[in-house]
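Residue numbers (UniProt numbering), protein chains in the order written: chain W, 1 to 320; chain B, 1 to 283.
Where hints are given, some of them may not hold.
Here are some chain W residues the structure puts well away from chain B; computed CB gaps all over 10 Å [what the hints assert, rightly or not]: (1) ASN62; (2) ASP176; (3) ARG229.
Calculated from the model, a selection of chain W residues having no Cβ within reach of chain B, i.e. all distances over 10 Å [as the list claims (entries may be wrong)]: (4) VAL74; (5) ASN85; (6) ALA98; (7) LEU102; (8) ALA124; (9) ILE130; (10) GLY158; (11) LEU242; (12) ALA282; (13) VAL295; (14) VAL296.
Computed from the model, here is a short list of chain W residues facing chain B with C-beta under 8 Å [what the hints assert, rightly or not]: (15) PHE58; (16) VAL84; (17) VAL135; (18) ILE201.
No lab work stands behind these hints, which were simulated from the structure alone.
Beta carbons: idealized from backbone N, C-alpha and C, even for Gly.
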Amino acid sequence: MMTSVAEQAGTRSGAAGRPPGKARRAAGWARRAPLLPALIFMIVVTQLPFVATLVISFMDWNAYYPDEVGFAGVDNFRRVFTDVNMRDAVWTTILLTAGVVLISLLLGLGIALLLDRRFRGRGAVRTMMIAPFLVVPVAAALLWKHALYNPEYGLFNGALTGLWKLFGADDPPQPDWISNMPLWSVIFALVWQWTPFMMLILLAGLQGRPLDVVEAARIDGAGGWQIFRSMTLPHLRQYLELGALLGSIYIVQNFDAVFTITSGGLGTANLPYTIYQIFYQAHDYGRASAAAVVVVLGTIIIATFALRTVSSLFRADTGR
Amino acid sequence: MSSTGTAPAGKRRERGGAWLTLLAWIVGILFVLPVVWMVLTSLHSEADAATNPPSVLAPLTLEGYREFFGGGASPWPPLLNSLTASVLSTALVLLLAFPAAYALSIRPVKKWTDVLFFFLSTKMLPVVAGLLPLYLFAQNARLLDNIWLLVVFYTSMNLPIAVWMMRSFLSEVPVEMLEAASMDGANLSRTLRSVIAPVVMPGIAATALICFIFSWNELLFARVLTATVAETAPVFLTSFVTSQGLFLAQLCAAAFVVSLPVLVAGFAAQDKLVQGLSLGSVK
């Protein structure tokens with residue numbers, strides 16, 4: 001399904017200059033043989049199900065009414081496009097993904113710059129920073145929901161009470177974090193997990209920076225901000241893009257945090273959660289498939305641009 | 001940070017440096033705090049875990065862990081299921097990805113970039129899009145609640161990442177070494193063992209680490225495709241909260257136990273983590 005995208009993005013950097021030898025067909029297959037198991041596996045497990053989804057999306061099929069399975073035409077798609085929940089879910093997905101990627105990228109950049117200096121305990125700080133990324137996502141979501149956000153005994157409100165007591169006041173604010181700002185609650189929990197990821201990639205980028213050039217610029221009287229803007233940032237650009245791309249791929253599909261923290265309530269249901277609900281709770285297979293097809297088409301449009309970015313990154317690193 | 005003030009530049013930078021060091025420490029502590037809080041709460045009694053303000057200095061106890069392992073449904077079957085699914089799928093991924101990466105770097109097929117991008121593009125396909133057909137297939141083939149289904153699915157989830165990573169590690173192998181080996185008359189298996197393996201072993205370790213972590217963490221498919229027999233640890237965690245009454249210490253103990261393998265593996269191989277996360281493009 002997505003080969004067309006890959007072709008578009010790939011051909012420009014494609015392997016040029018390999019002579020088209022017809023007599024070497026056998027040799028060609030010998031080259032291809034090691035690739036085939038992986039390729040066939042991927043096509044069977046990821047592309048065939050999608051074809052099935054496409055077929056089901058044109059069918060009238062609800063598991064609660066097994067006798068009424070039949071052809072539905074474009075009914076499912078009409079229902080998907082007119083469904084307010086779906087439209088909200090698209091918007092929520094965009095907000096959630098953009099919010100988490102941008103905030104964690106900015107925080108990650110700041111922290112990577114802080115860690116790109118020699119100081120006492122640098123290794124320890126780096127290790128502390130990585131910890132959030134190594135907590136299993138469901139466990140992290142449960143931790144934020146019950147141990148941090150909980151209005152009665154969560155750490156946030158507990159800390160507020162402690163602070164107020166410290167100054168002799170006895171009416172500390174005790175907000176119900178998740179009800180007051182549901183989407184932000186999910187975003188913050190995810191930012192906590194993804195900032196280390198961005199930080200690690202950007203830190204690796206910073207450490208691959210040619211230091212002699214920076215030193216020369218400093219001797220020539222360039223200030224810190226000048227060096228950052230005209231040397232560090234351009235060098236980091238491809239790492240920023242890589243972080244944003246990989247982060248988006250994973251966060252667009254986020255299910256764990258939405259499922260655990262808000263159960264998709266209060267306007268936090270993103271596309272994966274909404275489709276899961278149509279399928280798992282409403283058992284409306286036709287409509288769930290149509291929604292999935294729409295999501296895939298949207299993804300292909302976005303992925304075309306994303307893959308162009310990767311392929312431009314990739315040109316600098318063409319193998320052999 | 002500019003050095004145009006009256007104070008000597010060196011001293012100024014030193015003082016600024018001290019502030020930056022302090023800031024780095026504060027940020028690090030803030031980020032690790034929820035994890036520390038999770039561990040501390042897991043070591044408190046249920047009553048001490050649910051106080052406001054928090055009882056930081058409450059006596060420590062293993063009650064939460066005892067309750068988690070001993071009370072109600074045992075967590076061992078889900079933990080073992082997670083281990084099985086993660087280890088087997090990681091092995092399968094390596095088995096499929098290594099030859100593929102070989103055919104994309106050392107002796108590349110025509111249009112190898114297209115193949116590479118095909119693999120990446122499957123990663124962008126939302127997993128929910130394939131969920132329903134896989135569920136219906138499993139239902140008809142009587143494979144629901146079967147750990148092998150998860151093994152196959154996790155393999156497909158991680159294979160693109162692994163192919164990208166391994167390709168980048170394999171293209172590190174110097175061409176001269178390969179040519180020298182073939183001139184010496186070394187056959188394929190000898191070349192693999194004595195020329196390629198030493199260079200790419202760290203890369204294979206990085207790939208395995210990432211695949212293991214992603215499989216261990218997966219929730220959506222495990223939740224839909226498994227029930228009581230093949231239930232994995234993350235699914236077990238989500239079903240855990242429904243219990244009545246105070247459960248925070250027990251929940252934190254559970255969250256920590258389930259995260260422990262990933263924490264240990266990740267801390268032990270911090271550098272590999274970076275290589276893996278960047279698909280091998282950062283070394």
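Results of checking the hints against the structure:
1. ASN62: holds (12 Å)
2. ASP176: The claim stands: ASP176/W keeps its Cβ more than 10 Å from every Cβ of chain B (closest is about 13 Å).
3. ARG229: holds (13 Å)
4. VAL74: holds (18 Å)
5. ASN85: holds (15 Å)
6. ALA98: holds (16 Å)
7. LEU102: holds (18 Å)
8. ALA124: With a cut-off of 10 Å, ALA124/W comes too close to chain B, as the shortest Cβ separation is near 7 Å.
9. ILE130: violated (6 Å)
10. GLY158: violated (4 Å)
11. LEU242: violated (6 Å)
12. ALA282: Correct as stated: the minimum Cβ-Cβ distance to chain B is 12 Å, above 10 Å.
13. VAL295: Since the minimum Cβ distance to chain B is about 5 Å, VAL295/W lies within 10 Å and the statement is violated.
14. VAL296: About 5 Å separates VAL296/W from the closest Cβ of chain B, which leaves it inside 10 Å; violated.
15. PHE58: PHE58/W check fails; min Cβ-Cβ to chain B is 14 Å, beyond 8 Å.
16. VAL84: At 19 Å from the nearest chain B Cβ, VAL84/W fails the 8 Å test, so the hint is violated.
17. VAL135: Holds: closest Cβ of chain B sits about 5 Å from VAL135/W, inside 8 Å.
18. ILE201: holds (5 Å)
Checked against the numbered hints listed earlier, the structure breaks hints 8, 9, 10, 11, 13, 14, 15, 16; every other hint is satisfied.
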